[in-house]
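Peer 1: One letter stands for each residue in the lines below.
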Amino acid sequence: MSTSKFGSKLILAAVALTFAMPLHAQNLGQVVGEGDLANWDISIGRDGVGLPTGSGTSSEGSAIWSEQCSACHGENGKGGPAGDLVGGIGSLTSLEHNKTVGSFWPYSTTLFDYVRRAMPYYAPGSLSDDEVYSIVAYLLNQNEIITDDAIMDAESLPQVEMPNADGFISYWPVANQ
Amino acid sequence: MTSSKLLPLSTEEHAAGNGLVSRRWLLRTGFPAAGAVGLSSGLVQAEELRVPDWSSSPGLDLTGYGQPSPFESEVVRPTLPLFPEGIGDGSGVSFTPLEKLAGTITPNGLFFERHHSGIPEIDPTAHQFAIHGLVERPLVFTVEALLRYPMVTKTCFIECAGNSLFNSFDEAQQRTAGEIHGLIGNAEWAGVSLAQLLDEAGVSPQGKWLVAEGADAAKMSRSIPIEKAMDGDAFIALYQNGERIRPEQGYPMRLVVPGWQGSMNVKWLRRIKVVSAPVYAKDETSKYTLLQKDGKSRQFTYEMGVKSVITSPSPGRELGAPGLYQISGLAWSGAGRITKVEVSADGGASWAEAMIPDQTSTRALTRFQLPWQWSGQSATLMSRATDEAGAVQPTREAWYEPYAANQLFHQNAIQVWAVSHDGGIRNVYV
Chain X
171 MSTSKFGSKL
181 ILAAVALTFA
191 MPLHAQNLGQ
201 VVGEGDLANW
211 DISIGRDGVG
221 LPTGSGTSSE
231 GSAIWSEQCS
241 ACHGENGKGG
251 PAGDLVGGIG
261 SLTSLEHNKT
271 VGSFWPYSTT
281 LFDYVRRAMP
291 YYAPGSLSDD
301 EVYSIVAYLL
311 NQNEIITDDA
321 IMDAESLPQV
331 EMPNADGFIS
341 YWPVANQ
Chain E
368 MTSSKLLPLS
378 TEEHAAGNGL
388 VSRRWLLRTG
398 FPAAGAVGLS
408 SGLVQAEELR
418 VPDWSSSPGL
428 DLTGYGQPSP
438 FESEVVRPTL
448 PLFPEGIGDG
458 SGVSFTPLEK
468 LAGTITPNGL
478 FFERHHSGIP
488 EIDPTAHQFA
498 IHGLVERPLV
508 FTVEALLRYP
518 MVTKTCFIEC
528 AGNSLFNSFD
538 EAQQRTAGEI
548 HGLIGNAEWA
558 GVSLAQLLDE
568 AGVSPQGKWL
578 VAEGADAAKM
588 SRSIPIEKAM
598 DGDAFIALYQ
608 NGERIRPEQG
618 YPMRLVVPGW
628 QGSMNVKWLR
638 RIKVVSAPVY
648 AKDETSKYTL
658 LQKDGKSRQF
668 TYEMGVKSVI
678 TSPSPGRELG
688 APGLYQISGL
698 AWSGAGRITK
708 VEVSADGGAS
718 WAEAMIPDQT
728 STRALTRFQL
738 PWQWSGQSAT
748 LMSRATDEAG
758 AVQPTREAWY
768 EPYAANQLFH
778 QNAIQVWAVS
788 HDGGIRNVYV
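Chain order of the listed sequences is X and E.
The opening residue of the first sequence carries number 171 in the working numbering; numbering runs sequentially from there.
The opening residue of the second sequence carries number 368 in the working numbering; numbering runs sequentially from there.
Isolated chain E, as found in the complex:
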């Protein structure tokens, strides 16, 4: 954007303090053209257009599986091993680079990872999936058999319960939006209804819980209330965004429990045991429980809370010259649809409602945007989402109120970005 002289916003355009522009204006005019919103035009003359080399000779040959442009080679998942080298190799996380993506679907190769013992290299013809326990007929399925079932398709997010872990530190960490909040991905999943398979096995009346277990070396396991399956919600995903699930996402199959803690969406699913009570697995006692100040811990807090983050501008996506920018971000809730996202440019003193182009998606990433006329002065950007259950994203201070210091699970606090006069952006706590 070229430098341009700023004029005051009209009453109609003004939505909140420090330059936020009304979403109604955005709705009416579509994407704003340069020079609108009280900006003087200041258009610059472009140079004569040249014919580049790639327009002068045939390009590359066909490929069996397409790859991103080499110019996009920096769009990758930042990785974070959780232990020193040689200790627990393969156990760690990689983050979806949220600030480098647009829209709402996470590309399969950039979908975050969390492994408890590396990625198993599973031959799908040798993989088996069993349903047993409190059932009339224990059953074992091949992948081939499951592929013959009617497919259910759902677009939903999967978010690690430890997402935003860097904001559990006492001091704000200078990391990108993806590194802080990128333990989430959003995909269209296709697979088989778990309720249908459970019906075929015949769940006994004593069967109240499911133990879902992976085929990885950790044999990661979680207890899941059977209601989540019997209401038709849970399913066994075989496809992600149209192609078979990637190895790091659970190939050849993973459980999907929309809206619930990521680790319950068990990857490399090999077994579901129907039981009468939770088994209190390591990852529902020692981990993924929320320690309070009083020493008690919240357990079985399945649903992921309402949350949002501004991905642009954000660290690594700094501002240039003062002028008109589009604030853009993602919002989501495990409870359902996002009904409202508010944006503040003055540290929460005033708020403007952002535009949500698609308000129909439920338990899925939802994009919001709002025009912002940046004056070139320091600003404090925040976004605050509300979901259809009426839950509102809390401040970090309010969120931490019941919890012990550094408690990191289920953090859905408002992210605050401090914009400095030179356009630099820092993660701050307020």
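Isolated chain X, as found in the complex:
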């Protein structure tokens, strides 16, 4: 907004004081470059948009798992106090349904997004992107969704097909039965 325009607006405002200010008149945000948002912009799209460079494998993830994850999530992603992340595939229609990464989560990209943003619980953000890829690879491998030597990176991860990818019915904007 230029100074001269601002002056004329003041006069207008004085004349029309009883009218409501237009809603767009505030403009108190500061313009910020997308680059300056990089530390915050951690959302990963289903198509993999936002995945960082780096990579990891299940064997690399295995060591990190024992150190960083197993206390809450179990030695092999099973039996931990925070619930199973491995197993249960095919169980969703049974009375003992077990909703895990393998049996329930529809997209592998969600796993990277969540591990990077929120895990490990007591020190989120402390893992490198390579380590996050490795843990993701470990969990996918434990669930027998990818092979032992599969390399997870920005290209391969979104292509992983999860067993329950077709298991969801969207109710927005209407029930898609």
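Rather than coming from a laboratory, the hints here were simulated on the basis of the structure.
Glycine included, C-beta positions come from ideal geometry on N, C-alpha and C.
Please note that a few of the clues may not be correct.
Stated by the list, open to error - Here are the computed lysine-lysine pairs in the DSBU-like style, where the Cα-Cα straight-line distance is at most 30 angstroms: (1) E/575 <-> E/521; (2) E/663 <-> E/575; (3) X/248 <-> E/660; (4) E/654 <-> E/521; (5) E/654 <-> X/248; (6) X/248 <-> E/663; (7) E/467 <-> E/575; (8) E/707 <-> E/521; (9) E/467 <-> E/521.
To be verified - Stretch by stretch, here's where chain X covers chain E in the computed footprint (C-beta under 8 angstroms, at least three residues): (10) 496–506; (11) 630–643.
Claimed, not checked - Over the 12 angstroms line for every Cβ pair with chain E, so calculated as not near, a few chain X residues: (12) 229; (13) 233; (14) 245; (15) 300; (16) 315; (17) 318; (18) 321.
Based on the hints, put chain E in the right spot on chain X.
Peer 2: For chain E alone, kept in the frame of chain X given last:
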């Protein structure tokens, strides 16, 4: 209430079986006086009134921030950590003690909590809120800047999608109304229209969804259809019931999406990214999705269904001697106004329409009440709400029909309280 002899209700007063009294009678006479409604008076002589100590000397000094009476020290939120100690500390829920409150507004200190990684201790002068993604101008706002915007004010409830989780157990749990249904709170929120801020950033035509994200350690995030903001509905709340939002409610700011799942009302809001499609965050795939018997799961079930619960009488608010009581409870719907609440005292065999003193509030807690002449025999109390969209609260059995066993999200089934002859009250399934 003193014991009094019960007489039959007149035809005019009778509304439904097992002693329910017509709300029309309540409307006409106001709050019923003892002795009315077919009750013999049986008045007892009171003793001489004495002057208590607190009327005989000056009281306490002024205080900067008032606290409840020490005699109300048991009115607190029951807390429920979700994991064993040392595993996910700070992740859990606390319940609004519904049965200990009256009216419709939830006091700020008793408003339920659900945290995914504890309560961040945010310095408001260091907090920033960004709007970016598919916009012409990514913007970042300080709290101070947002406080200069025109304020919108709305009274609405926020309800956790996992509310009533204890009624997902196979056997009815003996807990209070608040412990079962208290993952809900109702407040007057004041803040800034999200549509206004999005307009300032300039949403591109490809922008169809918003990713809202908190500044907590879990950086809790949800995808939200942009319509919820652009129709003027969603806003960024800075105040709750007149004061700045409490830390456990998102200080210094939270998103409010009236009528929708609690977890979409992102607390400690730090960022909204405009995107073309939902990001399928953990809390809209792994959690907050509704597993059906056929193994498929309902997703993006945003609106909270029509629901009600009798808060008095209820477990912990047992009955005394037989006689006249006021059945009182709360009803709400994410779809809008509550148009009708029916009450049954005979397990659903007959229903009477309750009085709703304020029928204008939309997507907000609504109080209902109905006089009840309790005979001293066992009774089965239920309430059933209807909203302006015509949706009627289902029975638990009907609600579970499509869902897998123990599916707990969006449960809005009718609550059943069994009253025994000694006035005790239990949670039961029928």
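Peer 1: Against which earlier hints does the structure fall short, listed by number upward?
Peer 2: 7
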